[in-house]
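A.B. asks: Protein chains in written order, with the numbering used here: chain A, 1 to 162; chain B, 163 to 324.
No lab work stands behind these hints, which were simulated from the structure alone.
Computed far set for chain B versus chain A, every beta-carbon distance over 10 Å:
{"id": "1", "residue": "Glu170"}
{"id": "2", "residue": "Thr173"}
{"id": "3", "residue": "Ala176"}
{"id": "4", "residue": "Phe177"}
{"id": "5", "residue": "Pro179"}
{"id": "6", "residue": "Pro228"}
{"id": "7", "residue": "Ala230"}
{"id": "8", "residue": "Pro251"}
{"id": "9", "residue": "Gly283"}
{"id": "10", "residue": "Ser293"}
{"id": "11", "residue": "Ala308"}
{"id": "12", "residue": "Asn309"}
{"id": "13", "residue": "Tyr313"}
{"id": "14", "residue": "Leu315"}
{"id": "15", "residue": "Pro316"}
Covered stretches of chain A, going by a simulated chain B footprint (3 or more residues, C-beta under 8 Å):
{"id": "16", "segment": "20-26"}
{"id": "17", "segment": "39-47"}
{"id": "18", "segment": "53-62"}
{"id": "19", "segment": "78-89"}
{"id": "20", "segment": "110-117"}
{"id": "21", "segment": "135-141"}
Bear in mind that the values here come from a model prediction, so they are computed numbers and not experimental data.
Note that beta-carbon positions come from the ideal geometry of N, C-alpha and C, so glycine has one too.
There are 2 protein chains.
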Amino acid sequence: MTDELILEPLTASAFAPYGDVLDASGEPDKLINAGFCARFHNRARVEFIDGAAGISIFEAQCRALPYALTLLERHPEGSQAFIPMSQDPFAVIVAQDDHGKPAHPRAFITAPGQGVNYLRGVWHGVLLPLSGTGLFAVVDRIGDGANLEEYILPAPLMVRAP
Amino acid sequence: MTDELILEPLTASAFAPYGDVLDASGEPDKLINAGFCARFHNRARVEFIDGAAGISIFEAQCRALPYALTLLERHPEGSQAFIPMSQDPFAVIVAQDDHGKPAHPRAFITAPGQGVNYLRGVWHGVLLPLSGTGLFAVVDRIGDGANLEEYILPAPLMVRAP
Chain A
1 MTDELILEPL
11 TASAFAPYGD
21 VLDASGEPDK
31 LINAGFCARF
41 HNRARVEFID
51 GAAGISIFEA
61 QCRALPYALT
71 LLERHPEGSQ
81 AFIPMSQDPF
91 AVIVAQDDHG
101 KPAHPRAFIT
111 APGQGVNYLR
121 GVWHGVLLPL
131 SGTGLFAVVD
141 RIGDGANLEE
151 YILPAPLMVR
161 AP
Chain B
163 MTDELILEPL
173 TASAFAPYGD
183 VLDASGEPDK
193 LINAGFCARF
203 HNRARVEFID
213 GAAGISIFEA
223 QCRALPYALT
233 LLERHPEGSQ
243 AFIPMSQDPF
253 AVIVAQDDHG
263 KPAHPRAFIT
273 APGQGVNYLR
283 GVWHGVLLPL
293 SGTGLFAVVD
303 RIGDGANLEE
313 YILPAPLMVR
323 AP
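All chains should be modelled from the sequences, with the hints used to inform the complete structure.
C.D. replies: Shown next, in the form of structure tokens:
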């Protein structure tokens with residue numbers, strides 16, 4: 001791994017290998033409520049093994065940049081979506097998998113109105129609000145078992161603003 | 163039905179017969195991420211018949227008060243959660259069921275940091291942001307069939323601020 005990560009703008013195409021950007025981009029799939037509401041339908045590749053979808057609320061402390069990344073984690077049995085309940089930005093760190101270990105990490109920063117859904121089993125950092133309320137709705141697997149693998153980096157990776 | 167509804171503050175106890183308030187109230191169930199994040203676990207009574215949970219994005223136009231309520235709807239095959247992606251308030255209208263028709267409607271207004279989950283089959287109004295972005299993540303049933311019943315009120319019901 002390199003020794004620093006520069007935050008990139010979060011785009012659907014850059015993020016596609018890791019998950020879904022949850023936002024109102026592109027054409028809506030349907031107009032509902034007599035035209036008052038646009039529905040962007042089924043935008044997350046949710047997947048739950050031996051469990052079911054649930055909705056939890058996370059309240060996280062804000063972090064400052066540069067952020068020293070020391071831990072990546074993944075959930076082998078389910079996708080995990082983070083929906084910010086404010087317009088504040090958060091950092092989204094993901095990595096590829098190389099024989100059971102994270103490799104080639106990338107860091108993104110959200111724009112207002114963007115959430116993310118990590119695909120099942122994708123390495124990612126913890127929730128990193130950068131300002132604001134730190135309040136998120138999380139759609140992930142509810143079920144038995146730990147559903148968690150953690151990887152401690154051999155040396156911290158500094159995550160920096162562009 | 164009465165001919166007007168006065169918005170009430172949204173509380174978990176008042177809303178319990180209709181669904182769940184999704185917020186960070188009470189004690190968290192778990193501290194995660196080395197204490198940096200509080201998890202309020204599995205706060206929604208999600209239920210999906212012949213389908214699965216999905217995440218969609220709704221972008222709704224803001225409405226002004228008083229709002230003339232003319233339509234209530236329900237989804238017989240699934241719960242439906244509305245998670246605001248901003249701190250702006252929205253109105254939440256629900257009703258009891260009386261032999262297949264809505265009865266005894268009530269109207270609530272959210273505080274910042276509150277979303278809602280309508281239980282499967284509960285009569286409710288359409289999405290009613292009162293200011294701000296009108297952007298919501300919606301967790302509802304993805305599956306075949308309309309999963310929608312609508313009821314047109316015999317006369318509009320005026321929804322007013324307190």
